[in-house]
Amino acid sequence: MTKDKLSNFSRRTFLGATAAGATVLAAPFVKPSWANERKIVMRDPGGPFTPGFGAAFYEPFKKETGIEVVGLQSSHEPTGQIKAMIEAKNYTWDGASLSKASHQSLVNLGYLEEIAPKGGPGPNLSKIPESMRTPHLMGTDVYATLIAYRTDTMGKNPPKNWKDLWDVKGVPGARSLRKHPFDTMEAALMADGVAPADLYPIDFDRAFKSLDKIKDDVAVWWTGGAQTSQLLKAGEVDCLFTWNGRAQVAIDDGAPVELVWDQALWTFEGWTILKGGPKADLVREFIEFCAQGKQQALYTPHVAYGPTAPDAYEFVDPERAKVLPTNPEYIKKMVNVDTDFWGKNKESASEKFNAWLLS
Amino acid sequence: MSGSLKPALKSRIWRFWPLYPAALFLGFFFLYPSVLLLSISFVDGEGALSAVHYKHLFASATYVKVLLITLKIAGWTTVFAILAGYPVAYLLATVKSSTRNSLIIWVLMPFWTSFLVRTFAWIVLLGRKGAINQWLEALGFVDRPVAMIFNFTGVMIGMVHALMPLCILTMLSVMENIDRNLTKAASTLGARGGPAFWRVYFPLSVPGIAAGGMLVFITALGFFITPALLGGARDTMIVQVIIFQIQEVLNWGFAGAVAMLLFVSVVAIFVLYDRLLGLSTLSGQSEQGSGGRSGLVARIGKVLGGLFIELMATLTEWMGRLWDTIFPRRADVARTSFARGGAWVTALLVIAFLALPALFIIPVSFTEAGFLSWPPKGFSTKWYESVIGSGIWFNAALRSFVVAIMSAFFGMCIGVPAAFFLARQNFFGKGAVFAFLVSPIIIPNIIIAVALFYLYSRLGLTGTTIGLVFGHTILAIPYVVITIMAVIKNYDIRLDQAAWTLGANKIKTLWLVTFPLIRAGMIAAFMFAFIISFDELTIALFVTGGEVTTLPKQMWDDALLRVSPALAAVATLLLLFMSAFILLSEFIRRRSAS
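Taken in sequence, the protein lines are chains Y and L.
Residues in the first sequence are numbered from 1 upward in steps of one, following this note's numbering.
Residues in the second sequence are numbered from 1 upward in steps of one, following this note's numbering.
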């Protein structure tokens, strides 16, 4: 009985590969001790942020101070991971780039260090507007959640605000909304006529009533940023709301897409320091460095998010400034997201939202 | 025999040795840390014993609804994977080996395209402006685009496609051990092809269906990216809820409660399954021998199964007679087998479905555009240059390869003895041991990831490749156990006994007789373990903190803002490499055999 079957293709070669692989394995088996080195590990968002932050922050900082900064990536909003690191006292990262909402969850647990040294914030950090930093977070970049539409299909009758996005009959086109309460609640309320100043605290009942009106007309409920740029680029939907950087990627690749800055929602992300980490002071030094406008301007060619330092626009290419959210033209028309509210209501909001989706 | 233990006790302890490696490994790396983590669900914010999280869980219908949706999606995925996969497995098991080996390459294609690329390929293929709708509209079949994704259909397409190879390979490894002379004997005795298949072949292949179905079902429970990207408003998986609680809300007690809800439901389904079909469909007990399964549910299961087989056999019998009445048979002409032709057509269609996204990715990767798109814009090799030019991708691929091989190897070393023991021995608590060994795929990866992080922090294993290997080994063991158990079910132990009588010792018998005969199952098990590790992202991101770059991690990182054709290029290279690898080892084997 010979069985020359599916089985046959592998054993020998697998064994060979195992032997070859032992070399790769050997290197990272022993974890290097960084404790005494002048080196910090920062979690960053990765993707185009890697070259962006490298050019703007990591490389120049090393040149100036000799301190090496290693950028590592993780899943989105890794607050759970940071909680685990702090509780286990295992500081894989010294600091992390977090959104303001995520930073709020960790602040509530007391898991972040203050970013300013004992003597108070340094000269660069103090220049960052109060609205773009907190005691535990220095904003590196501002991002906007806004409406983006295809000009080839909706150019003649484009959505100009949230009301239009909800007006399926008056402004026809396939739509996509976010499968998450963040931003969706604000959008639903403004579509229902709530003034930006009256958004918070969110009136959930009213928001869901507003969402009821377009529930059946939502072609796609998106869950990730990369998905929205794909949807826009392919014309899979005609309009949606997403983060401006994601839509910008589609525009930069030649997609006929226009952004609506009116009533866009803005918030920011930036550097935080893990509570009790051994390198907290080095990270503070790094954060002070990153608060300089001329440094922040250097990431803008890579990532279409807005620098927080007031003087940054002196160093930004004027063409590029047209697509950045902190452009003074845009930011005055936009609405600031209340992350304190979301920090307290994230869980219940998500529960309500899921219940609504399934109803 | 020195030692203080009584010989009887000692031999009883020794009897269970094949289970020890699995028990020790999973006990230390999985059970201990996971129980610690899940136990948080039983205490409130102040650390006092409390049911607060469980009250919360059932305070509204939402979480139960999400659980039911999850079970529904996993259940239908299993049904479709079995229905579509069975003809393919049957065909592969009954063609000559060279044909089989070239067909298997196509069946395996979904394995080598990363889940991220595959899912985006479906969007580009099946979307409103996708390739298929473009063709349908151009040919005038439809006036407006057919909604194939962003609904339940999309979820099914994505999940069945991803999981069917698992089902096919499991069924195949069982079918390969079915003696085809049995069906021939039935024909000699006058049975037509149809009834002979249903009464003889099909019952023997049931362990494969059971094992394949179970693997698909529990793997499907853990899927969340595919349903999130291809589904509609209502297609939410319970794992998403758990991840949200752990990563964003930081309410780990509640996350633990949701995970417990999932775990308990799946165990309940297992118990029902055991009562209905018997774990014996997976293990080696013969139906007559075990009398362990009695009771109403078991009898219903038996009766229903018997009825189904009778029904199919009778149906095919009638159809055959009808055919013979309309077209009387001539003694000098061989009977044409329509069933065989039908199996071929179905199987080839299914294989085309499996290979489609992979083949679609190849032209897409040569686009000049910055996105996956159809039709591809121009022709450019720039994405290949960017991938090959930077060492990052090569290193990531090599590391993933090594991690996957090592995880699969450890998984085999630990899982195979346990599977043999479970399949061949009867002992009290066998069901519980089985549930324990497969529980790593029922507990969501994010829970294992967090639990491992705490354990590794104490051991200094965070950020190490070997820590990642152990993490993936945990996931590999269930696949190995289920697959190997299914193969041993049909294994004729008299072959081993024959070897013993001829003077071979146990190890020699194992090496020279048993392993070669179940080689198909061994390779399938190894391949599952390999691919589970090769595509795994959650544990890799969490326990290494991003320090160890694997291929899925690099892809994830690259896809932050968009899924660029660079990922399609990576997928294409991987596809070519893996297929070449399989062909080459087949070639080497044939040369060394001749």
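Please keep in mind that the hints were generated in silico from the structure rather than gathered at the bench.
There may be inaccurate statements among the hints.
[Said to hold, decoys possible] List time: in silico DSSO-like cross-link candidates among lysine-lysine, alpha-carbon distance up to 27 Å: (1) Y/K169 x L/K129; (2) Y/K83 x Y/K156; (3) L/K55 x Y/K213; (4) L/K302 x Y/K83; (5) Y/K352 x L/K72; (6) Y/K127 x Y/K160; (7) Y/K344 x L/K55; (8) L/K430 x L/K129; (9) L/K129 x Y/K156; (10) L/K129 x Y/K160; (11) Y/K209 x L/K65; (12) Y/K215 x L/K55; (13) Y/K213 x L/K377; (14) L/K377 x Y/K352; (15) L/K65 x Y/K352; (16) L/K129 x Y/K215; (17) Y/K215 x L/K65; (18) Y/K344 x L/K65.
This structure is a prediction, so every number in the text was calculated from the model and none was measured.
Cross-check of the supplied hints:
Under the criterion of a C-alpha separation no larger than 27 Å, the hint pairing Y/K169 with L/K129 is consistent with the structure, at around 22 Å. Among the hinted pairs, Y/K83 with Y/K156 is inconsistent with the structure: their alpha-carbon atoms are about 50 Å apart, more than 27 Å. Taking the CA atoms of L/K55 and Y/K213, the gap is about 32 Å. The hint is violated against a cut of 27 Å. Our distance criterion of 27 Å between C-alpha atoms is broken by L/K302 and Y/K83, whose separation comes to about 51 Å.
Between Y/K352 and L/K72 the CA atoms are separated by roughly 22 Å; this keeps the pair inside 27 Å, and the hint holds. For the suggested pair Y/K127 and Y/K160, the alpha carbons sit about 34 Å apart, so the restraint of at most 27 Å is broken. Under the criterion of a C-alpha separation no larger than 27 Å, the hint pairing Y/K344 with L/K55 is consistent with the structure, at around 20 Å. With a CA separation close to 53 Å, the supplied pair L/K430 and L/K129 exceeds the 27 Å bound.
With a C-alpha separation of about 20 Å, the suggested pairing of L/K129 with Y/K156 holds against the 27 Å cut-off. The straight-line distance between the Cα atoms of L/K129 and Y/K160 is roughly 25 Å, inside the 27 Å bound, and the hint therefore holds. For the hint linking Y/K209 to L/K65, the alpha-carbon distance of about 21 Å falls within 27 Å, and the restraint holds. Restraint check for Y/K215 and L/K55: not satisfied, since their Cα atoms lie roughly 30 Å apart, outside the 27 Å limit.
For the given pair, Y/K213 sits about 39 Å from L/K377 by alpha-carbon distance, which is inconsistent with the 27 Å threshold. Between L/K377 and Y/K352 the CA atoms are separated by roughly 43 Å; this puts the pair beyond 27 Å, and the hint is violated. The hinted pair formed by L/K65 and Y/K352 meets the criterion: a straight-line CA distance of about 13 Å does not exceed 27 Å. Pair hint L/K129 plus Y/K215 holds up; C-alpha atoms about 22 Å apart against a cutoff of 27 Å.
For the suggested pair Y/K215 and L/K65, the alpha carbons sit about 19 Å apart, so the restraint of at most 27 Å is met. Distance restraint check for Y/K344 and L/K65: the Cα-Cα separation of roughly 25 Å lies within the 27 Å cut-off, and the hinted pair is therefore satisfied.
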